[in-house]
Each structure stands twice: as C-alpha cells, then as structure tokens.
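Q: Letter by letter, the chains look like this.
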Amino acid sequence: NAGVTQTPKFRILKIGQSMTLQCTQDMNHNYMYWYRQDPGMGLKLIYYSVGAGITDKGEVPNGYNVSRSTTEDFPLRLELAAPSQTSVYFCASSPRTGGLITEAFFGQGTRLTVV
Amino acid sequence: DAKTTQPNSMESNEEEPVHLPCNHSTISGTDYIHWYRQLPSQGPEYVIHGLTSNVNNRMASLAIAEDRKSSTLILHRATLRDAAVYYCILSPTFGSSNTGKLIFGQGTTLQVKP
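Protein sequences, first through last, are from chains A and B. Take the first sequence: its letters are residues 1 to 115, numbered as in my numbering. Take the second sequence: its letters are residues 1 to 114, numbered as in my numbering.
Isolated chain A (complex conformation) (with noise of 0.2 Å):
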C-alpha cells in the first residue's frame, strides 16, 4: 500500500491564482481530512469527509473548497490564493473499525507559498 500520497510536494502561487491540492489513498478508509500548519504551529483541521459525497468544514476552512466523489480521493481547492494560506497543508484517511475511528495516516504534506 503507498497509503496517503499528496500531490504535488511543493508548490508557489501568486495571490489571485488557484490550485487543487490532491491528497489519495489506498487503504479503502472512509474518513479524509484536511489539514494546514503554519511555521511552528500546531495543525488545524479545515476540512474533513466521512464517506464519498459527504463533506463538512473544520476549524479553519474560509477560501478552500473540498469535494469526495470517489473513496479514494479528496482534493483541496483554493480559490484565489492570499497570502496567508501560506502554509503547509496535510492530508490524512482513517479507518473505522468496530464503530471506533482510532488511528489516522498522515500524507507527506503539500508546501504552498503565495507570493
């Protein structure tokens, strides 16, 4: 399994422009999540997905947008860039087993810089 693979790794954006942030996974799990952290913070949740076609907003998620068509995917949409979402951004899946969501896999994160 590759688990939570995050394209790209690295990306700069002038203010206005958009982009899609694309997070997969491959261990059938129903739960996505998005992530940002910015320079020595802790993360904060801006999106997150309990199944395909249901998604609902976390702590932070004014100027992004998700959508969940298939399992595997969950891509990030930002709509014209600022430059405070500079950050790094993560994408996480979490299986449910026996009623329980316990652990979550974390991807390698996606570096955004608005310039």
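Just so you know, the hints here were simulated from the structure itself, not pulled from any lab data. Positions of the beta carbon are idealized from the N, C-alpha and C atoms, including for glycine. This list has only true hints and no planted wrong ones.
Have a look at the derived ranges for each label pair, beta carbon to beta carbon:
1) A:G98 / B:P17: 31 to 37 Å
2) B:E66 / A:I12: 50 to 56 Å
3) B:E66 / A:V115: 51 to 57 Å
Partner residues are not named here, just some residues of chain A that face chain B (Cβ under 8 Å, in silico):
4) L45
5) Y48
6) I101
Assemble the complex: chain A is given as a structure, and chain B must be docked to it using the hints.
A: Using the frame of chain A, we list chain B on its own:
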C-alpha cells in the same frame, strides 16, 4: 472539544526513559486519549491511544491517571530518532461527534541529546 495542556519543550538523554505529561482536566467519559508525533519536515504519525487502562505498543507506553484528568506518554529508551513534536489529543468515541477529527495543540518539542 476538550482541551489538553502540555509543556512546550523537554530534553532527554539518549537511551534514557522519557515521560511526556499531558493534562486534560475537562475530558469527558467517552474521549479517547491519542498521542501523535511529528518528526521534522514530516506529517504526524500515530503513536498510541487509550481510554482508561494503561496501554503498551512497540513504540511507547501510555499511562492514564485513575481520574483520567492526566496521562503520560513513556518512551522507554529515547533515541535520536525520537526527537520530534509530541501531540496529546482528545477525540470523542461515540455518537455524531465520532468523526475522527483531531484538534492539535502546540505539543511538546522533545530534544534528545547524545
């Protein structure tokens, strides 16, 4: 979401045990205690989790206070590779709150000296 409190930083010597504390005085009865760590320039990785009883796995041990208001992550023999930020996180187990969302705090930065 219930809040956790951890020291900002700790130091350890290589091959010695490390005890990383976490306070969570507002924990609810159905909150699991999770520990994750983040090595430099990597995504977080799961370490251990528990509800009431102490837990052991190949990476670490988790000691949970009887009143569940605090817990301690124990690394039995620290190595240089254990230098990381360690996060203690509470996550509800049951019902509609059970979405697996992780609310990260600042964590504890562990430095391991050779």
